[in-house]
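Let chain X serve as the given structure and place chains E, Z and S on it in line with the hints.
Protein chains: 4
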Amino acid sequence: MSFKIAILGASGYTGAELARLISTHPSFEIAALSANSKAGQSMSSVFPHLRHLDLPTLKTVKELNFSGIDICFCALPHKASQQVISALPGNLKIVDLSADFRLNDPGAYEKWYENPHQAPDLQKEAVYGLTEFYRREIAEARLVAGTGCNAAAGQYALRPLVKDEVVELDDIILDLKCGVSGAGRSIKENLLHSEVSEGYNAYAAGGTHRHLGEFDQELSKVAGKEVKIQFTPHLVPANRGILATAYVKGNPREVHESLSRAYEKEVFLEVLPFGETPATRHVRGSNYCHIGVCGDRIPGRATIVAVLDNLAKGSSGQAVQNANVMLGVEETAGLMMAPVFP
Amino acid sequence: MSFKIAILGASGYTGAELARLISTHPSFEIAALSANSKAGQSMSSVFPHLRHLDLPTLKTVKELNFSGIDICFCALPHKASQQVISALPGNLKIVDLSADFRLNDPGAYEKWYENPHQAPDLQKEAVYGLTEFYRREIAEARLVAGTGCNAAAGQYALRPLVKDEVVELDDIILDLKCGVSGAGRSIKENLLHSEVSEGYNAYAAGGTHRHLGEFDQELSKVAGKEVKIQFTPHLVPANRGILATAYVKGNPREVHESLSRAYEKEVFLEVLPFGETPATRHVRGSNYCHIGVCGDRIPGRATIVAVLDNLAKGSSGQAVQNANVMLGVEETAGLMMAPVFP
Amino acid sequence: MSFKIAILGASGYTGAELARLISTHPSFEIAALSANSKAGQSMSSVFPHLRHLDLPTLKTVKELNFSGIDICFCALPHKASQQVISALPGNLKIVDLSADFRLNDPGAYEKWYENPHQAPDLQKEAVYGLTEFYRREIAEARLVAGTGCNAAAGQYALRPLVKDEVVELDDIILDLKCGVSGAGRSIKENLLHSEVSEGYNAYAAGGTHRHLGEFDQELSKVAGKEVKIQFTPHLVPANRGILATAYVKGNPREVHESLSRAYEKEVFLEVLPFGETPATRHVRGSNYCHIGVCGDRIPGRATIVAVLDNLAKGSSGQAVQNANVMLGVEETAGLMMAPVFP
Amino acid sequence: MSFKIAILGASGYTGAELARLISTHPSFEIAALSANSKAGQSMSSVFPHLRHLDLPTLKTVKELNFSGIDICFCALPHKASQQVISALPGNLKIVDLSADFRLNDPGAYEKWYENPHQAPDLQKEAVYGLTEFYRREIAEARLVAGTGCNAAAGQYALRPLVKDEVVELDDIILDLKCGVSGAGRSIKENLLHSEVSEGYNAYAAGGTHRHLGEFDQELSKVAGKEVKIQFTPHLVPANRGILATAYVKGNPREVHESLSRAYEKEVFLEVLPFGETPATRHVRGSNYCHIGVCGDRIPGRATIVAVLDNLAKGSSGQAVQNANVMLGVEETAGLMMAPVFP
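Protein chains in written order, with my numbering: chain X, 516 to 857; chain E, 516 to 857; chain Z, 516 to 857; chain S, 516 to 857.
Just chain X, same shape as in the assembly (with noise of 0.2 angstroms):
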């Protein structure tokens, strides 16, 4: 059985990333791509390593035929999205990477992004894609949320902690780390080589990071009660992946035993042994999270170490990953690749 796949904004870098991992995928087959601005280009053209696979022309949305579609994933900018999602058949099963639809609250939603929401009843509708965590609502959903990248990353470092009460609430936080792609195909200046490499840098500090708009939602839930973390993210000089080290308060060894039970049957959550650290090297290019936990000199101190790659789990894997859920195929299903290293 072969499902039929859309993918919308085709020209970015988690457009390519979905191309990449259902090119081998066992039961997907893309039928259709769009990008505005490239329509009429070959895939090959705009992305050369894909060149290999029998693509489908771009298109614009509007040229795009949705029946016999399966599912259709969004890879278009945020604003965007909902504009094009709120025009698309009510009845499609529906995958977004944009932050359109992963706050359910239009109020919260319009403070983080500046503008009120034009889709507000596909924003109640919208289940959030953090898979291991919303899996039976994912299966039964039509439109799924894919989470912030950044926002993927701390989550799984937190989320057991928060649940288990084994931290602070009041008194988490979270360092990231953040290669580069996680800005997208964007053409601005301060994502140049040569302003990039060889250096790095604090961006949005002082808590005005979008996605603590996700933090803020998903931790007060599980929660049941108001958790605001402090989370500073920073841009190294690489191309993929996010290390997300969360500094808390609680013991170390609770915090250990949080993870490994939470994640203990999750294929693509990795809790490394108590006192081991992960690095981003170890899954780029793959749909696994590597989480570890130490302690310090300082008693009653944790801190919890997390990488994943931003374009695989933290965006276009963790799509693919829904995806799966929804259609009802195995939930691992082209996303066994090992990571590419080095």
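These are computed hints drawn from the structure, not numbers from a lab.
Note that the structure is a prediction, hence the values are computed from the model and not measured.
Among these hints, one or two may not hold up.
[What the hints assert, rightly or not] Which chain Z residues face chain X? A few, computed with CB under 7 angstroms, are given here:
no., residue
1, V695
2, S696
3, I702
4, E704
5, L706
6, L707
7, H708
8, S709
9, V711
10, N754
Where a beta carbon is used, it is the ideal one built from N, C-alpha and C, also for glycine.
Same frame as chain X, but now just chains E, Z and S:
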């Protein structure tokens, strides 16, 4: 049907790459791993990116039991390889990734590797592992010698041209740009990040690189007379990738046609439209080789640019492809993963 | 004695590099900076690495007052440069870093740059700024045209050989490996970190790169007859550096002697012992050019490898060196900083 | 007036950086270089980027003649340093770059470095080399102990806050991102380009990094009571640079004012406007340290980000600055070069 695989020298980069590729191979199963210096360790402690796989513990070669092994990949350093392979069961199918069995002539071996060959009978028996050109021999071989990664890149650019006599044979210049992993996981000052990143240099200049032995043997065989090319490799700050720029004298269109014709049916060899040139980043992590040809403002000159991933198509991917042929499996099995970009 | 300096186009990389070099120049003082698109901003907001310097605010060219300016560096894009310089005071000393005045012949300019020159008189007046070969003319020039960075690297490798006739003039192949900053701070998709890092590729293959205009002009002038070289640049993932590999037909020892003799008294041009080849990382951030020569196993072939920092010796360092000559200052003033390694 | 300089351990990165800085120092002249393992070699064979300098040949320490030497930089590994310095003339001025004399307390030394100190008298005599805070003592010292590069970055961010008591002293978290050259030119698997580039990881997590000994000693001294911070360094794929992100509890504006006031007259310490954060690439190759402060959406939280070049301000630049102070030279002599960007 599942074949049992052994990998000798599994703690090096080509060993890790074999494990990565085989981990999603539909009919291969890793049954034994050796790494003398790291015997007793788990593969995941040596290569944490393979942590999710259930792999055998590393052993010494002597500790391994080869009964039940269908094929053995030998990813040892040259010189060590010939000693180890001599002592293996005589009916064991072997793909060797070292330089030890690439040259058929004992004199040529001794000239380039500065020591007499210690297994001259095996040397004679071995089949040169450039799959697309030795498919039939490989299918019947017991011992296949993987090619040098530089030699593979250069030969994909040049063999058809030599065979079709569309270029001057005494004036071929090959300028290579090579990623760092080609030097393996050897711990040398000149391979440190601080020494490699943000800079580049020629090495083995002046016709001293050992892969010239392979070029001499193979191109002369194809031409039916002695062919000597001029060859200079350069180290560039990237982990994977070889880009071969070949400067030849001949009609550019004929050069392009020669390559297009030769590789028309090859799954892994992609000839670009005339005038386009490829990039290493478009084959990274994959078994593909992209080849471009362009002319020059000076008539009668052509430039061929070929790219491949030295760890994949240049060594471990080629090795799996050869093993597939030797075992009668679909030649592309386990090798259809798309390149990882960015 | 302190000379007042103006820099036009100060918001680009060569502008920043000029400011860096001049910041420790014993007799230069930056008195005016222009950057039309960023006029009104401080230099430290555009280039925070210059934050410690007390620099003039960026203005438009029109807002600048050139009275009292001793020399003006023009770091504008080609085409813009000829327009701006035409409108500057006729007695102002100028070092232009663009391509606009490198070619003396209006026809050649139009051929390579695809538009007719708009200041043909200035074009005639301009002196080609390869300091070591035009020192006397530069000392008396009002307008000096900085060379292309690729053209500089190639000429340092080749000019003495052409002059001394130690190589075949109709068979010179120049393979360049170029850092990313050579493309300037222009915001283009192919210059993004995600597109450049960890990969490399040829560009402007087939004899189409504009610096060929300079090679044609200069090498033909040296030879006294038309010389056309074959030239292919490659983009490598490093910010600074050009490595020129020249393949020539001639006696390697004679080639080495020719270069050694020519550069014997040059402070910035270092010829390595015969058989050694240089690395870009050993000239990074400096005004030095290292040149090596080796022979080949094929008699009568020589390979020359020259390296320089495209932003320093390849453009802004060269420009300061030329300004020193024009103003009668010690030629090496402000330029003796050692390379930054690692 | 020119001072004669000796550098012991000149074949490491801090040795090379000393030579680079001193090469343009107006009153320092390198008179002797040692490197036991490379004795007999020229400095240009060990560091070709210094090829243009006329430097003494490398010798063993024993071969050096210290009469006439005005100051000796000791860039040896810890443990070796205390042995070598013990045997040097008792009146020789020394700037030590190792860890051997940073901790005044023999017990603390033994705790962090796991061996008893072999020169406890010298340990007592040594002055801690954080120039801006020990200027007077350094001016009169014979032996100055260069600080750890991480310790320098962290202290620049934290000392004034501890002194001014504007932050909670028992809840300081310091998350460092460190370039690779901080590990020196040591030949280790985890420092290979293939292992480092394109990835990042925490190391010495859990309060085990040796620089904590310095933080404990210095911050407790400033506070007048025991202060223990939580400190986790991370290795990022860049050669130079430390970025320290400090998470503190206190009023962000007061934090900013405390730092601004403390560094108002410091040439090399630049405090950015409130709310801005710095980047390592803006101090690379220079002796500058940029420091930024921002608040958080959670009241009473501040984040301080400090960046410096570990080889310059973090070790060799600091060492030259200290030598200037010790010799009564202008403190900034030889150190005013601008950062190299890009």
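- Message: Going through the numbered hints above, which ones does this structure break? Give me the numbers in ascending order.
- Response: none
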